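Asks: Here is how the chains run, residue by residue.
2 protein chains.
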Amino acid sequence: MNVGFVGIGAMGEPMARCVKRAGYTVTACAHRNRAPLERLMVDGVDAVADPAAVAAVSDVVITCVPDAPQVEEAIFGGRGLLAGARPQTTFIDMSTISPVATRSIAERLSAAGHEFLDAPVSGGPARAAGGSLTIMAGAEPDAFERTRPILASMGTPYHVGTVGMGETVKLVNQLLIASIMIANAEALTFAKKAGADVEVVRKVIATATGANYLLENWLPKTWLAGTFEGGFALDLLRKDLNAALEAARAMKLAMPASALAYQLYTAQSAEGDGARDYTAVARFYERIAGE
Amino acid sequence: MNVGFVGIGAMGEPMARCVKRAGYTVTACAHRNRAPLERLMVDGVDAVADPAAVAAVSDVVITCVPDAPQVEEAIFGGRGLLAGARPQTTFIDMSTISPVATRSIAERLSAAGHEFLDAPVSGGPARAAGGSLTIMAGAEPDAFERTRPILASMGTPYHVGTVGMGETVKLVNQLLIASIMIANAEALTFAKKAGADVEVVRKVIATATGANYLLENWLPKTWLAGTFEGGFALDLLRKDLNAALEAARAMKLAMPASALAYQLYTAQSAEGDGARDYTAVARFYERIAGE
Numbered sequence: 001m002n003v004g005f006v007g008i009g010a011m012g013e014p015m016a017r018c019v020k021r022a023g024y025t026v027t028a029c030a031h032r033n034r035a036p037l038e039r040l041m042v043d044g045v046d047a048v049a050d051p052a053a054v055a056a057v058s059d060v061v062i063t064c065v066p067d068a069p070q071v072e073e074a075i076f077g078g079r080g081l082l083a084g085a086r087p088q089t090t091f092i093d094m095s096t097i098s099p100v101a102t103r104s105i106a107e108r109l110s111a112a113g114h115e116f117l118d119a120p121v122s123g124g125p126a127r128a129a130g131g132s133l134t135i136m137a138g139a140e141p142d143a144f145e146r147t148r149p150i151l152a153s154m155g156t157p158y159h160v161g162t163v164g165m166g167e168t169v170k171l172v173n174q175l176l177i178a179s180i181m182i183a184n185a186e187a188l189t190f191a192k193k194a195g196a197d198v199e200v201v202r203k204v205i206a207t208a209t210g211a212n213y214l215l216e217n218w219l220p221k222t223w224l225a226g227t228f229e230g231g232f233a234l235d236l237l238r239k240d241l242n243a244a245l246e247a248a249r250a251m252k253l254a255m256p257a258s259a260l261a262y263q264l265y266t267a268q269s270a271e272g273d274g275a276r277d278y279t280a281v282a283r284f285y286e287r288i289a290g291e
Numbered sequence: 001m002n003v004g005f006v007g008i009g010a011m012g013e014p015m016a017r018c019v020k021r022a023g024y025t026v027t028a029c030a031h032r033n034r035a036p037l038e039r040l041m042v043d044g045v046d047a048v049a050d051p052a053a054v055a056a057v058s059d060v061v062i063t064c065v066p067d068a069p070q071v072e073e074a075i076f077g078g079r080g081l082l083a084g085a086r087p088q089t090t091f092i093d094m095s096t097i098s099p100v101a102t103r104s105i106a107e108r109l110s111a112a113g114h115e116f117l118d119a120p121v122s123g124g125p126a127r128a129a130g131g132s133l134t135i136m137a138g139a140e141p142d143a144f145e146r147t148r149p150i151l152a153s154m155g156t157p158y159h160v161g162t163v164g165m166g167e168t169v170k171l172v173n174q175l176l177i178a179s180i181m182i183a184n185a186e187a188l189t190f191a192k193k194a195g196a197d198v199e200v201v202r203k204v205i206a207t208a209t210g211a212n213y214l215l216e217n218w219l220p221k222t223w224l225a226g227t228f229e230g231g232f233a234l235d236l237l238r239k240d241l242n243a244a245l246e247a248a249r250a251m252k253l254a255m256p257a258s259a260l261a262y263q264l265y266t267a268q269s270a271e272g273d274g275a276r277d278y279t280a281v282a283r284f285y286e287r288i289a290g291e
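Top line first, the protein sequences correspond to chains P and B. Everything in the first sequence is counted per the working numbering, starting at 1 for the first residue and increasing by one. Everything in the second sequence is counted per the working numbering, starting at 1 for the first residue and increasing by one.
Keep in mind that the hints were calculated from the coordinates and are not lab data. No experiment lies behind these values; they were computed from the predicted model shown. Watch out, some of these pointers could steer you wrong.
Just so you know, same-sequence chains aren't split out, so a pair can sit in one copy or run between any two.
[What the hints assert, rightly or not] DSSO-like mimics (lysine-lysine), calculated; alpha carbons at most 27 Å apart, straight line: (1) Lys252 / Lys192; (2) Lys221 / Lys203; (3) Lys193 / Lys239.
Working from the sequences, and respecting the hints, build out all of it.
Replies: Structure, rendered in structure tokens:
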């Protein structure tokens, strides 16, 4: 089975590499920066000019781009995937976008005789490189079963419902990380200001009821290591939070904690940290703590 | 070594039982309700009339009560521990109270020739019963080493700093659980309202970056099991949050997420859920979601 990849950025590049390593023929194209494509070519990925050319040689095409407009462009744009797709191509969108946009894309592809799955991921670049992402797939059962081996080369796929539900569950995860990261930043700033040893606190909390993945696995590589490079861009989290808040608005559901989180990340983005890891929200706390 | 216990409620009762099982002579007294004392007597705990009588036969006395005024009463009250204490008694307060109150108590006991440790715990009644609490001790190193075997009968003791630092680290944990529980309630309400299967969401998130102890271990026994009985009382969390917010005020540190959390728990307490497990904040979300 031939797999095409459009979107080989911080996540897509290591994900495409995992699919190639699993033995599939993988074809990709560059967007602006050619460096990721050249690195993938070293690993045996075939390079072509544009998404239409990717689709022309692929049974399954994967998109992994920042947001819905980029998914639209990759699929429906002038030299987009649809322009080159063979009959009955399977489209898998692994981007994190609004479930509303996802369902709209799925309908249009279905009308054109193609199949669609949404399969956003969680875990960040390190787990993408190791092929150990969490993958939340929204799909018809048979489409999920047929594509499962490809997804499994990138991590652990979970079938969470019909089309759009993968994105919904991913947004649930993003709501959680947005608020939990702020809880960590706020509580650790309190701890530091009160004179506690943050490493001792982290070790103890890991065994207590406040234990959480980000405190154990994410903060030691970012804020607590004194760096905010790599990881997951703060502005991408703002984009996800905005998608969740929009979905909530449509459902008439108040989300006070997530709305506050959005404001705090936005305050830090305004300080110039939008492209840095979202842990940079800790710098907001350092500033208000006068540290 | 003889150990005395004052405060044998939802946490203190199973903790006293663990100390007794570890082979210590344990003496306790009842407060209002005699039932916990009678259950402990079946397990070999000696019963006496009041805290002064507890101290009269103990080398180490442990307090485990709701808040600072109750610790003050248990130690300094008319028939309090101090009234009956032998010379050089070791006082261990395992309540969760303000570090400021803790240091004041420690100073007064020190002036009376006694030693003091603060050793609040995390884990709830189930882990208290199993002797697997997380214990955060603020103490002089030698006091910690001498009392470590007693603490170890109730869980895993960590020496986190000098007197008062146990409470500080405990408040850090409480700040985390307050905000993380709200993050869980808000995100799962979003998930339900969007038509997701909450059990599937929980299983997937457990492997993703939003993973947290409360979602994995606490919610399945409370909200998701349709009960808010037992656990950790919402009003006790409000008390802890208030202590942390007061400490933050003294340090001139803004804690926007924790301040919001306090308001949401207070809204639910006003609905009559103050004595129920703090997961009852999920009912606030059910209400605003119209579910």
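Asks: Decide, hint by hint, whether the structure agrees.
Replies: Hint by hint, here is what the structure shows:
1. Lys252 / Lys192: between (39 Å within a copy, 13 Å between copies)
2. Lys221 / Lys203: both (15 Å within a copy, 25 Å between copies)
3. Lys193 / Lys239: Classified as between: cross-chain Cα gap 21 Å, same-chain 31 Å, threshold 27 Å.
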